[in-house]
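Dock chain B against chain A, hints included.
Protein chains in written order, with this note's numbering: chain A, 1 to 252; chain B, 1001 to 1357.
Because the hints were derived from the structure by calculation, they are not lab data. Hints are not guaranteed to be accurate.
[Claimed, not checked] Here chain A is said to cover these stretches of chain B; the calculated rule only asks that three of the stretch's residues, wherever they fall, bring their Cβ under 8 Å from a Cβ of chain A:
| # | stretch |
| --- | --- |
| 1 | 1097-1103 |
| 2 | 1117-1131 |
| 3 | 1212-1224 |
| 4 | 1263-1276 |
| 5 | 1294-1300 |
Every residue, glycine too, gets a C-beta built ideally from N, C-alpha and C.
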Amino acid sequence: MSNDFYVGYLPLPQHHRRFLIVLLPVIGLLAVLVSFILSSQQSDPGDGNWDLASTTTLTGRVTVDPYPILSVPGSEGAPERQVLLITMGKVGGDGFTQPVAGEWITVTGYLIARDGRTMLTVKHAPTDITVAPNSPAREPRRTISLGRHRLRGEIIDPKCYFGAMKPGEGKVHKACATLCIAGGIPPMFVTRSEAGERTYYLLTDSEGNGLRGDALEALLPFVADPVRIEGEVDRWGDLLVCRMDPGSVVRE
Amino acid sequence: MSIQYRAVQWNRHKRIYDLLLVAGVVLFIAVFMIVGLTRWQGTAAAHPVTLLMRATSSCAITMLSIILMIGPAARLSPRFSPLLYNRRHFGVTMFLVALIHGAVAVFWYHGFGIVNPIVSVFTSNARYDSLSGFPFQPLGVLALAILFVMAATSHDFWLKNLTPTVWKTLHMLVYVAYALIVMHVTLGFLQDDVSWVYGALLGGTAVVIITLHLVTGVREWRRDSRDEGQAFGEGWIDVGSVDDIELNHAKVVVLRGCERIAVYRHADGISAISNVCAHQNGPLGEGRIVDGCVTCPWHGYQYLVHNGQSPPPYTEKIPTYDVRVEGRRILVNPEANPPGTEVTPASIPSETSGDRA
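So here's chain A without its partners, still in its complex pose:
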């Protein structure tokens, strides 16, 4: 038989052996190099964090309109902290906050935080929620109107964007963000300045109500896309809120 003809079940001819001794390490090195390049070129996943190693306990007034939010008094003159309340999975906090709506509560959960914005993931409701006996007097929400604004950016689900996904933005994450928002996670809007500074806005309808039903359906197709919105911006404590018409979102 010819000594340079390869047959898989016969001994490897010398001619092929010499070639493979060079070829296989080259393929291996190329694979390692490709893997290294692909991994090292990944974009910065952001500095959001979902701390599942330790729990955080907060006390404040819980409201469910427009969304489940815990208003925590600021210390030493700092503005009131508005902490969005959610639960595990791609589900909002409507279910476990309704029974304690308007109450002064102490709640324990896992904190999600990015750029100073926080959310609390309540895993074991209602066990992790207690209505505090000595609550301060109820006060109307302090709202500061900042006027009408046109904003360019992306509609995000804050749970993923603030640290659950890493990264939780853009087209690859669009399906997940849509599911999260459809499941009750409050929609937010993020803008980026030329310097890269991010600003977050909680989205409500024009009347300041939470986006649900048809209003939410109108918003969902635009989630995670580069879009432009226009609305009235208010400040509630440390939280910016944009009251907008969900039917007026324009894709950029």
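Same frame as chain A, now just chain B:
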């Protein structure tokens, strides 16, 4: 060659091939994960699940690219034949890595919600009317479905029962799967704010694959044009001189513009058989005569040169052709005999015979 079905007919080469394959996959994913986990740490770290999803997708597409290069590379140079021999295991392994990517992506992006994850893959982004916004995940699912069918039928049981023609056609869908995967990446990951390196690597690899196939195709087209048989009297075709063929080698000739045959020169003279192996349509004319049998260069399937039958107990058969030698010219009857038909080899006149090998 087989007379009974086994999950894998192991031999030394397959074991070494598979060991290197698995080691390569583990190394690729390990390097990706380690680099990803060490580049950003603490609160700035990327999520390990996201990294795993990216590592497996990168590995699978790299493997598929190599798989698609092996075929034409082996046609251009027989030195790549050892890579071709066990390519089936390469393909199944690639499918398993792609399956991990798909499963993790569906679990991660579509799980934990209020919609069935599989339904969500097809409905969570409804922008089917937009190119840049096109839902890329269904493209990946479709590609994975094709790869699944290919992996599930990557066995001689299916090859035999589907027939080699149907099986080969089915497995040519790998090109559709590759196109879907390129679109999956282009309309998905590349739409986000990512490094230009990804697009360059994806595009560059596609260019290499297409070029290799084009070069191979042009080379074969030229060879077919050069080696087309010429009519010789009524019912016979002149396919060249016996002196064109080395002992135990073949010349591939095109009959009537479309049908390739392998004309072998061997110890008993000249024989002509179909160029198409009954196993996976391998090019028998690029094989050799080993132990008295025509041996396919792809997987070593063998046929007796005078009747196109695999030696007992094997049962594969291929068509044979009537052949005669006039002077130094080889004449072939273009009408194929039924597979396995005995044909007496044409003797080479003794006064001019002489082995060139």
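- Item | Annotated coverage of the stretch 1212-1224 of chain B by chain A, confirmed only when three residues or more have a Cβ within 8 Å | violated (count 0)
- Query: Has the stretch 1117-1131 of chain B got at least three residues whose CB is nearer than 8 Å to a CB belonging to chain A?
  - Reply: Check passed, 6 qualifying residues.
- Item | Cβ contact check, 8 Å cutoff: the stretch 1097-1103 of chain B against chain A, three residues minimum | violated (count 0)
- Residues of the stretch 1263-1276 of chain B with Cβ under 8 Å from chain A, three needed, outcome: As far as the stretch 1263-1276 of chain B goes, the hint is violated, because 0 residues have Cβ atoms under 8 Å from chain A.
- Item | Whether chain A covers the stretch 1294-1300 of chain B (at least 3 residues having a Cβ closer than 8 Å to its Cβ atoms) | holds (count 4)
Going through the hint list in order, the structure does not satisfy hints 1, 3, 4.
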